[in-house]
Amino acid sequence: DAGVTQSPTHLIKTRGQQVTLRCSPKSGHDTVSWYQQALGQGPQFIFQYYEEEERQRGNFPDRFSGHQFPNYSSELNVNALLLGDSALYLCASSLAWSGNTGELFFGEGSRLTVL
Amino acid sequence: GQQVMQIPQYQHVQEGEDFTTYCNSSTTLSNIQWYKQRPGGHPVFLIQLVKSGEVKKQKRLTFQFGEAKKNSSLHITATQTTDVGTYFCAGPGNKLVFGAGTILRVKS
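In order, the protein sequence lines correspond to chains A and B.
Per the numbering used here, residue 1 is the first one in the first sequence, and the count goes up by one each step.
Per the numbering used here, residue 116 is the first one in the second sequence, and the count goes up by one each step.
Rather than coming from a laboratory, the hints here were simulated on the basis of the structure.
Any given hint might turn out to be false.
Here are the simulated DSS-like cross-link-like pairs (lysine-lysine), alpha carbons at most 25 Å apart as the crow flies [stated by the list, open to error]:
#1 185(B) to 171(B)
#2 166(B) to 210(B)
#3 210(B) to 185(B)
#4 26(A) to 210(B)
#5 26(A) to 151(B)
#6 151(B) to 166(B)
Okay, chain A solo, but in the shape it has when bound (with noise of 0.2 Å):
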């Protein structure tokens, strides 16, 4: 049983330019949950994804946005990349019927540096 898988592990962008994150939930799993961990923080809640759409949102710019597709996978796409962008985004997945009571499952994450 497959667990999260996100792609790429690692990857480095310019200011300004643009990057697609992608994650594969866990199998069984409908609901997408975005993270960004700066280094020595907590994970940020980004923005959540059921049935393709945006369910919540976190205080995140709207230079972040996403997608979910009919398989339950997702991207997260970041434009105009800034050097605070910088950080491990994690990809979490869960089920719409735990509601708020459900664990998370996080995949290893991609680390994305901004120069």
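Fit chain B to the given chain A structure using the hints.
Frame of chain A; chain B shown alone:
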């Protein structure tokens, strides 16, 4: 908005010593979750507490949820080198609010 604070930020203990991290919320929590993140790894779910005053144990780990459901603690008895990592508490909801975490280092 909801905030979750954790103390201490960092603790370095001798192997065999006990360790405790505390989590405090600005609002009453319907439930709280704890995660562990090993260095270079990703957060891994440890446990969820739901009931006021709840205490749960996992081998050497003891988790408590406060009576007012605004605070929680994780206590590790007789730490081992395998306990090294960052421990996060996270508030409830579809968008978990994580604390900043407590980094645990264990000297052997």
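We went through each hint and held it up to the structure:
With a C-alpha separation of about 17 Å, the suggested pairing of residue 185(B) with residue 171(B) holds against the 25 Å cut-off. For a cut-off of 25 Å, the pair hint linking residue 166(B) to residue 210(B) stands: about 20 Å separates their Cα positions. Of the supplied pair hints, the one linking residue 210(B) and residue 185(B) holds, its CA atoms being roughly 18 Å apart against a limit of 25 Å. Proximity of residue 26(A) to residue 210(B) is assessed by CA-CA distance (about 18 Å); at most 25 Å being required, the pair is judged to hold.
Restraint check: the Cα-Cα separation between residue 26(A) and residue 151(B) comes to about 19 Å, which is no more than 25 Å; the hinted pair holds. Restraint check: the Cα-Cα separation between residue 151(B) and residue 166(B) comes to about 21 Å, which is no more than 25 Å; the hinted pair holds.
Against the hints set out earlier in the document, no violation occurs for any number.
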